[in-house]
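Residue numbers (the working numbering): 591 to 863.
Simulated from the structure, these hints should not be mistaken for lab results.
Heads up, a few of these hints could be off.
To be verified - Capping the alpha-carbon separation at 20 Å, the derived lysine to aspartate or glutamate pairs in EDC-like fashion look like this: (1) 760 / 749; (2) 607 / 665; (3) 607 / 700; (4) 760 / 860; (5) 760 / 665; (6) 760 / 852; (7) 760 / 856.
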Amino acid sequence: MNTTQQHDEATECLTEKLRALGVAEARAAFVLGSGLGPFADRLQNATRIPYAELAGMPTSGVPGHEGQLVLGEIEGRLLVVQQGRVHFYEGWSARQVTRCVRSFANLGIDLLMLTNAAGGMDPSWELPTLMRITDHINLQGRPPLNRGEASQACPYDSELGELMDRSAQKVGVELQRGIYMGLFGPTYETPAEVRMASWAGASAVGMSTVAEATVARSAGMRVAAVSAITNPAAGISKTPLNHAEVVEAGRALASRFCILLEAFVETAVEPNP
Numbered sequence: 591m592n593t594t595q596q597h598d599e600a601t602e603c604l605t606e607k608l609r610a611l612g613v614a615e616a617r618a619a620f621v622l623g624s625g626l627g628p629f630a631d632r633l634q635n636a637t638r639i640p641y642a643e644l645a646g647m648p649t650s651g652v653p654g655h656e657g658q659l660v661l662g663e664i665e666g667r668l669l670v671v672q673q674g675r676v677h678f679y680e681g682w683s684a685r686q687v688t689r690c691v692r693s694f695a696n697l698g699i700d701l702l703m704l705t706n707a708a709g710g711m712d713p714s715w716e717l718p719t720l721m722r723i724t725d726h727i728n729l730q731g732r733p734p735l736n737r738g739e740a741s742q743a744c745p746y747d748s749e750l751g752e753l754m755d756r757s758a759q760k761v762g763v764e765l766q767r768g769i770y771m772g773l774f775g776p777t778y779e780t781p782a783e784v785r786m787a788s789w790a791g792a793s794a795v796g797m798s799t800v801a802e803a804t805v806a807r808s809a810g811m812r813v814a815a816v817s818a819i820t821n822p823a824a825g826i827s828k829t830p831l832n833h834a835e836v837v838e839a840g841r842a843l844a845s846r847f848c849i850l851l852e853a854f855v856e857t858a859v860e861p862n863p
């Protein structure tokens, strides 16, 4: 069995495990980034499954990524939430980083909401703040799609983006808009890399999201994404940045973040019958 067949088998195994747990009934899937796990605690009638109990599910060792799948409801809408993700810089391949998203698509889940913690590059923004991702620039050096999988010009659904904007206005949460640049990591960006990103039109930089968004859109899912802009990009900040500060800043944003996502769910996701 070659590597591709092994990955396909692992994805199928995970898909069937999730199906047995009732995940196929979910109306939307969420992936929570560093320090943003508290949204999963808002779910009603929640069932929590540690990744270690899901055959084929990669597990992150990065602080701020709890490593469990949560199945629960918000206002009668069943959601499946990845409370923590894996990253390329941990040594995982593109197939492993996107395995759970591929399983969600295989189960027929239509909507994927991606979140992350990122560094901001717009000096006019008061941090911390939230940013809706309108497009991305992929500098992660790992092609997320397999041979024969169709690539889309922009993975992020404009209609979902408009619904998120309206949700933010409705609940009074400030929501910026901008382009996300995905870097490999784990080192933070240098001043020269920040200048390059700014020149290319990026408003935020991070180390995730790009592969998941690309694969989900290729599989026919509608994709929305929001960054918690926890700090200035490392090349802008006058003091050294560390991951613990990013996680803490993400938690400081948690209330606004949860309010926005709950409003978005009620606006964009159909209730279960």
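- Would you pick out the hints that fail for this structure and give their numbers low to high? 2
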